[in-house]
Amino acid sequence: MIAAVIWVLLASSALGFWRVIKGPTVPDRIIAADAISVILTTMLALLSIAFDDPVFADIAIAFAVLAFVDVLIMANFFEHGGLRS
Amino acid sequence: MTGLIAKTAAFVLMAAGALFSFASVLGIIRFPDIYTRIHAGTKALSGGALLILAGASIIAPTWQMAGKFMLVAAFLLATNPVASHAIARASYKHGFKPGKTLIDEYQGGGREGR
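Protein chains in written order, with our numbering: chain R, 4 to 88; chain E, 78 to 191.
There's no promise every hint is true.
Listed next, with one range per pair, are the computed distances between beta-carbon atoms [to be verified]: (1) A151(E) to V23(R): 45 to 55 Å; (2) K25(R) to G176(E): 39 to 49 Å; (3) H171(E) to A6(R): 39 to 49 Å; (4) K84(E) to A65(R): 26 to 36 Å; (5) F20(R) to T85(E): 31 to 41 Å; (6) F54(R) to H171(E): 20 to 30 Å.
FYI, nobody ran anything at the bench for these hints, they're computed from the structure.
Where is the CB? At the ideal position from N, CA and C, for every residue including glycine.
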């Protein structure tokens, strides 16, 4: 049953990757990458139950933090057109 | 008996969350504008992630894993609106206008925009 939920999430992230490739503007790609990162975080939480291994939960926490900082940096870079603080 | 009830509730929550995530990605693909895509992507996706993490924390084998899932859920609930607001502000400052809008109240930073 957990495997079915993981397969649905995997199909969703594959559909989102189509928008990353095709997206006409830059914020489309950023939004699609953010969606894929959130789906991947929940998928890591489900994998930690499926494999009965608490390492995946720690990786989910670290990945959530990294994805948030990543999206903020990309938005700041896109707004200013360069690296400004 | 309580184990069966907990397992049923957890799987109902996880199925609803998976449906939310799939509908959100479908909205990201099908919506015509960048701002509507931001709306579909962030709002529905954070709801789906919260539902899935709630179901996962119900059927987690140990208390530590349930606590970690709740930590991830609280972090997503706090940071996902911040990220979407940053992207929307950046795309407006870059010059993308929302299509088919009648009043742009953010233009010029106040009332003279209408």
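Right, here's what the structure says about each hint:
no.	hint	in the structure
1	A151(E) to V23(R): 45 to 55 Å	27 Å, violated
2	K25(R) to G176(E): 39 to 49 Å	19 Å, violated
3	H171(E) to A6(R): 39 to 49 Å	42 Å, holds
4	K84(E) to A65(R): 26 to 36 Å	29 Å, holds
5	F20(R) to T85(E): 31 to 41 Å	33 Å, holds
6	F54(R) to H171(E): 20 to 30 Å	43 Å, violated
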